[in-house]
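Here the structure of chain C is known, so what remains is to put chain P in place on it, guided by the hints.
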Amino acid sequence: MARRRDATSYGAPVRRTRLQARKLPGCMFDALSDRFDGIFKRLRTRGRLSDADVEEVLREIRVALLEADVNIRVARTFVTRVRERVVGAELSKALNPAQQVIKAVHEELVETLGGETLRITYASKPPTVVLMAGLQGSGKTTTSAKLAKWFRSQGRNPMLVGADLQRPAAVEQLRTLGRQVDVPVFSEPSDPVTVARRSLEEARRTGRDVLIVDTAGRLAIDTEMMAQVREISGAVDPHYTFLVVDAMTGQDAVNVAEAFHETLELDGVILTKLDGDARGGAALSVKQVVDRPIAFASTGEKLADFDLFHPDRLASRILGMGDVLTLIEKAEEAYDKDEAEEAASRLLEGRFTLEDFLEQMQQLKKMGPLQNLLGLMPGMPKEIRNAEIDDRQVARVEAMIRSMTPAERQDPDLIDASRRLRIANGSGASPGDISALVKQFSEMQKLMKRIPGMGGKKGKGRKADKRKGKTGGRTTEKGAIKVPSVDIAELAAKSPKGLRLPGL
Amino acid sequence: MEILLIVLAAALVVVALVGGGVALTRRRRPLSVPPRQIDGARPSVPPPDRVTGVGTIDAPDDRVELEDPDVVVVEEIVVEEADLDELVIDDAALEELVKPTFRDRLGRARGLLAGYVRSIRSRGIDEETWEELEEALIRADVGVEETQGILDDLRREATTQAISDPDVLMGVLRDQMKARLSGVDRSLRLDEGRTNVWLFVGVNGVGKTTTIGKLGRLQAEQGHTVLMAAGDTFRAAAAEQLETWAERSGADFVRGAEGADPSAVVFDGVQRAAARGYDLVLADTAGRLHTKSNLMDELSKVRRVADRDPGHVTEVLLVLDAVTGQNGLQQAKVFTESVELTGVVLTKLDGSAKGGIVLAIENRFGIPVKLVGLGETIGDLVAFDPDEFIDALFE
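Those protein sequence lines, which keep their order, are chains C and P. Here my numbering is used: the first residue of the first sequence is 2, the next is one more, and so on. Here my numbering is used: the first residue of the second sequence is 790, the next is one more, and so on.
Note that these hints are calculated values from the structure, not bench results. This list has only true hints and no planted wrong ones.
Pair by pair, the computed Cβ-Cβ distance ranges are:
#1 P:D915 with C:R74: 17 to 23 Å
#2 P:L979 with C:Q155: 52 to 58 Å
#3 C:D238 with P:R907: 41 to 47 Å
#4 C:E232 with P:R1065: 45 to 51 Å
#5 P:R945 with C:R74: 27 to 33 Å
#6 P:D954 with C:E57: 32 to 38 Å
#7 C:D306 with P:A1046: 20 to 26 Å
Below, a list of computed lysine to aspartate or glutamate pairs in the EDC-like style, where the Cα atoms sit at most 20 Å apart:
#8 P:K1081 with C:D306
#9 C:K303 with P:E1047
#10 C:K366 with C:E343
#11 C:K367 with C:E356
#12 C:K367 with C:D276
#13 C:K440 with C:D412
#14 C:K367 with C:D357
#15 P:K1122 with P:E1104
#16 P:K1122 with C:D276
#17 P:K967 with P:D1176
#18 P:K1081 with C:D276
#19 C:K366 with C:E356
Owing to the predicted nature of the structure, the values given are computational and were not obtained by experimental measurement. Glycine residues also receive a C-beta, built at the ideal position from the N, C-alpha and C atoms.
This is chain P alone, in the form it adopts within the complex:
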């Protein structure tokens, strides 16, 4: 037993030092090609373990081209009628296409900051004020560092302006937080006359498929022709879920066999959309943890393939569950490294979670929040309004 550990320790250290050391030496060499191209040169290997469900894959050697990334294997694409008998579709919810305002919806979860604000107002500004503000922001998942930044700014302002009125202080805080989110283009880009591809990425269970379903319907209502590509070939019945949404919104739909290469499915979707002259392809992808590098490679391949003529990737949206804590930052970082995010969709904001992490994501990585999910119905997917987002926290 001990011997095992000793060998293990030694082997690990050796591997870490030698392997890491060599890797480091390599990394230091000047790069002669722009980074994007290096990305493209990396082999994209469809991870076999996701297909078979057993066994692990050996890490591929960097230098061995296991698969030409530019060759797209179009697998058998099955467009089939799913057995939808057992699905209960809430038609009543579908009819009710009222556009809720941010405030109506967030109202249910209101009162978090509000409670602190009341307490601060009643007491005046003292040391406790800062502690309460800190607690309030942290409870909204803003994060320690971001909170610190916000409160540092506020303190500075309070000192220079000699603020003593709690109401004024709260007003300044609100303005400052709004300012942090202002001046960003939050529109979704859709170039007329081209086959636009919007790619949806994120960790498992954040609501990618549902978001696509809702967005597809909204885009269709705006007169765009939409195709949904079921790039989630991993999760059981993910394609059926998306197909249901496609039917509801009258969008065209492309799927592959379970376990098929998602790039192939998206490629096929783009081809069909181009052939039929659709405006927009909404490409679903399987949820993946950003720590799985093989899956992240798979995702970069999907993006590359989707962007090849006639495809034209105009949005890559990270779907983020509002309940997500500080790990959201990490997600944004890693996902943008592999697929260059253009925006964030914050889902499930109608719950009690505040989604404060988006403040840090915008501030640190400059990735704007574009859409917000405020409920189960299609109309509950709305454009992100930073002012209302902040106001709702305060009132």
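Next up, chain C with everything else stripped away, as it sits in the complex:
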């Protein structure tokens, strides 16, 4: 058996200390990207990749994958493929080794996660039938309703079918959800197969063009129940059969996916509970085993928190590259373009005041929890990304600023002891908090002015840059992703001592 060259034996106890020292991840996949961060940072300082380097990198990648609940066998094949890419002939001299490894891992991740987004096509003779299957508690009923809502947003007329007659009140739950998304629910107290068959007639009769069949949760090894779901499938002959998988699933995801695929021939997977901090390695495992795309992802408790799954985004996020696309989408929803330009120009001229800061906080809050935003931002050093930013803490800062007069917000230097006391009383903080805030802010201001390449191309307020010659100008390449040319990691490294990074 020529296998497991990549397998580690746990002789060396070194790794454990690092594990213990690691901060707990803020959102999913963080730890995985942090680990990669660590490896690649080390690599960046070296020239070429030696064989030993490659092996070390691969070993770390493997452990990271395992901690993210990627099935051990999937992790092994994944690592093998990455090795082939890295060690293979195509070592380009143009790229440095770290970039090559990142590229290889990224490509491999995107491929494993699904390559591209699934496109739903509709049956020429409606209804298009969708069958939902999965373990107990994976979220089938809620997901069915979310899916119904999604189909409605696509201009379809879905109908929900409650074929889960097992769990007490499951149909009741579906009916309630159906009312919330304004989609009719069909069910009757007979047996699941009959319900499914009758629902098809009902859909035809009432002119519904999408039929979503919710089934009872079942264990993959329960042969009786698996036979039943197969019968249901036979009765409705679904166009799409989705396996609903909890993002928190561990190693067993592989067995579950295999069993359901064998019984039902899956068309896709729906990943649920992605809003937690599970690293979601199950997604990789399942994709690998059944070779069907992850079609949708459910990212919250609200019925609207549901969308097509984007493997490329997830892969980027795994690698700590940030999920730029999602971030931009969110920003576009929350930001007014002119306002943004205004703020940018003020920032560039060093006219960024506490007033602006307050406004920025308002905008950011519209985009969701700060912690999540930080996770999406590319190039964030992990100290910042992992900082536990409680939105309530931020709200306190907000209260402090709101207790200042406009003049004080423009020029914090005005704040003397008496003003400080007034602000403190007004915001329920202590005078020390106010000093800390002012100090942090002025440090920040200084830092902002020194950000290299902060000039946007269109920045109208931009002053003529006299020192352009050596370092200035654009630092981003044409065509590359236009992430801000702010190397925040560098920035943080250069930051004055007075500036405390949270979490350090």
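Same frame as chain C, now just chain P:
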């Protein structure tokens, strides 16, 4: 577009550094009150987004007392007959109250470690042995770190005892793993003559309501008077689900309106239980991801309220799906931070999942597994037996 990103980046960094920095400064100040009290002083805000289903909530300011945590608003408590016509109740399953042993049930999923064990036995101990053991443990969701700890210990033992027989090695491994789970009190605490409250918490879909249903029946059979409080006011029809279980087990039942404050429901349950002299209140809560801090605050409030006289919280049980991977650790950590867990209920262990994560949870946080769910019927909820749990992995 770029400008947007730049502003965003800058704003984020500023907010992170200033906000975080200030927060940090504050945190460093010595605490003059014990942590529990600080907990209690935090405002508990019933999250409006869960009620309305739309809109987000603004993070409440720490200092603003949005609601006196000690004031319990008892909302209209509806005790109603649910329309249960469409529910098919498996009566046959109910009658069949055979107590399955661990091994019978786990048997279906057996063979995971067993396969490796066979292979190791046939070959003798070599480097491959360790790799296979590692793979076996990781596939049981024991986790990289815990596996490493277990195998480090085993290696040490193998070296000092100069073990060369694979059978001996496997025996030592089994004993060591059992030792890791031994010496813990796994009984459920029920103080006679008081209104005991057992609170069930966990992420969505792990089987909280079902566990309460089964446990209620078991407790009733042991002669305890039980009341079930439907603290899950969020998920559609969660109360109906619990009510069905209450009827099956002859327990009293209290529910609130959908979207009601769960603390109020539990409070009402405790009041009624105390008035009627019941022994035990089983309090259900809505499944929640531990990353949602507002929901975790809501949960601490439920615990606080339930513990107020005449209520007496004796168990806070984290219900954990056996299929859960490494995220289980995180769940245990965060939940115990907000409600001080007293134990774990490992559900759905009759599937192919091994639930190895409980090894890490016990080891790291000292939270014992108390109950195990081995199937759909009421009798399938049994006390956790660590020896059988480990043996079942090996045989």
